[in-house]
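Participant: Spelled out from the first residue to the last, the chains are:
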Amino acid sequence: MDILTLKVDSVQLSFDDRKILQDVYLNCAQGQIIGLLGRNGSGKSSLLKIIFGTLTPSFKYVSINDEFIHKGYHQNRIAYLPQHNYLPDGIKISELAKMLIADNSWDIFAALKIYDENKDHTISGLSGGELRQLETLMIIYNKADFILLDEPFTHVSPVQTEGFKLLLREAAKTKGVIVTDHQYYNIIDVSDHLILLNNGSTKHIKHHDELVTYGYLSGN
Amino acid sequence: MKQRLITLLFQFYRPLLLWNMTFTILGMIVVVKNGVAATGNTLPLKAMGYLTAVGYQYYMSSNNYFYFRNAGYSARRLYVYIFLADMFFYIILIILYALLTYGYTHLKG
Numbered sequence: 001m002d003i004l005t006l007k008v009d010s011v012q013l014s015f016d017d018r019k020i021l022q023d024v025y026l027n028c029a030q031g032q033i034i035g036l037l038g039r040n041g042s043g044k045s046s047l048l049k050i051i052f053g054t055l056t057p058s059f060k061y062v063s064i065n066d067e068f069i070h071k072g073y074h075q076n077r078i079a080y081l082p083q084h085n086y087l088p089d090g091i092k093i094s095e096l097a098k099m100l101i102a103d104n105s106w107d108i109f110a111a112l113k114i115y116d117e118n119k120d121h122t123i124s125g126l127s128g129g130e131l132r133q134l135e136t137l138m139i140i141y142n143k144a145d146f147i148l149l150d151e152p153f154t155h156v157s158p159v160q161t162e163g164f165k166l167l168l169r170e171a172a173k174t175k176g177v178i179v180t181d182h183q184y185y186n187i188i189d190v191s192d193h194l195i196l197l198n199n200g201s202t203k204h205i206k207h208h209d210e211l212v213t214y215g216y217l218s219g220n
Numbered sequence: 001m002k003q004r005l006i007t008l009l010f011q012f013y014r015p016l017l018l019w020n021m022t023f024t025i026l027g028m029i030v031v032v033k034n035g036v037a038a039t040g041n042t043l044p045l046k047a048m049g050y051l052t053a054v055g056y057q058y059y060m061s062s063n064n065y066f067y068f069r070n071a072g073y074s075a076r077r078l079y080v081y082i083f084l085a086d087m088f089f090y091i092i093l094i095i096l097y098a099l100l101t102y103g104y105t106h107l108k109g
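Here the protein sequences come in this chain order: A and B. Using my numbering, the letters of the first sequence map in sequence onto residues 1 to 220. Using my numbering, the letters of the second sequence map in sequence onto residues 1 to 109.
There's no promise every hint is true.
Straight-line alpha carbon distances no greater than 27 Å define the calculated DSSO-like cross-link-like pairs of lysine-lysine that follow [to be verified]:
no.	chain 1	residue 1	chain 2	residue 2
1	A	K143	A	K7
2	A	K7	A	K19
3	A	K71	B	K2
4	B	K33	A	K92
5	B	K2	A	K98
6	A	K98	A	K119
7	B	K2	A	K119
8	B	K108	A	K143
Simulated coverage check for chain B against chain A, where a stretch passes if three residues somewhere in it have a Cβ under 8 Å from a Cβ of chain A [unchecked claim]:
no.	region
9	24 to 32
10	39 to 51
Note that these hints are calculated values from the structure, not bench results. On a predicted model such as this, the values are computed, not experimentally measured, just so you know. Beta carbons are placed, not taken as given, at the ideal position from N, Cα and C, and that holds for glycine.
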């Protein structure tokens with residue numbers, strides 16, 4: 001199997017003459033977890049939306065194996081976990097899951113306790129935590145070759161976070177993963193490569209000390 | 001693949017079904033009252049139904065678009081499919097009505 005590589009380059013995004021992203025470069029290959037860090041308002045979520053294809057910047061180059069990708073979600077190339085809930089109400093969880101989960105992952109997904117206990121419910125029958133957990137799992141086990149996760153560890157208990165990290169490492173055997181969260185210690189722990197968004201540009205972090213140098217972490 | 005798209009279309013259309021049916025019924029009332037020749041006049045009514053459906057969905061549940069995108073389909077594409085299907089169904093209803101009235105008139109002599 002050829003390893004696919006997602007390439008993001010030359011993204012330019014401004015809001016009201018304020019440059020949000022201007023010098024962005026990142027590569028994510030199948031088998032890799034890229035951790036994306038940055039302060040509030042640094043453009044992390046915007047960058048993920050641009051890659052997914054739901055936010056249009058003034059310029060972008062997004063490709064998979066050098067084939068330009070206009071909308072990342074077309075033909076299930078890229079899946080995205082937004083910060084907000086995304087599953088529609090009024091439809092059984094089992095019906096929703098069948099549309100998102102990859103055929104070769106179905107048995108593993110269907111065996112999960114959270115799915116088994118809630119498959120006959122609609123989302124209004126779930127707690128906020130259960131819903132977030134199911135939504136995250138439906139992206140991790142999605143058909144897509146690449147998955148983008150925006151704050152998967154927020155509003156999730158520490159035990160579930162550890163579980164997600166294990167599943168992410170497992171998923172990354174066949175997918176490329178880009179993950180961002182303010183819980184930087186979890187991002188550092190789960191990622192193979194760290195990228196910091198600083199003043200609109202990507203800084204490829206080699207040593208954790210650089211997070212202090214760029215002012216993302218305090219030196220204390 | 002086809003079955004999956006059909007399921008997604010039903011899931012996407014479900015919240016809009018009653019709304020669009022209401023505009024179909026209104027359109028049919030105009031056609032029944034004024035004759036099949038008035039069909040053209042009902043098209044703006046149907047278009048208004050589509051526009052308000054999109055507006056309602058956009059403001060009330062655009063977060064759900066991400067579910068459909070994660071299934072590989074844009075909301076725009078799904079709107080086009082369901083509105084084409086709805087218009088096809090509407091035209092079929094009018095043709096059936098025209099055939100029935102034509103048949104009834106001729107049987108009556």
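Participant: Which numbered hints are broken by the structure, listed smallest first?
Facilitator: 4, 8, 9, 10
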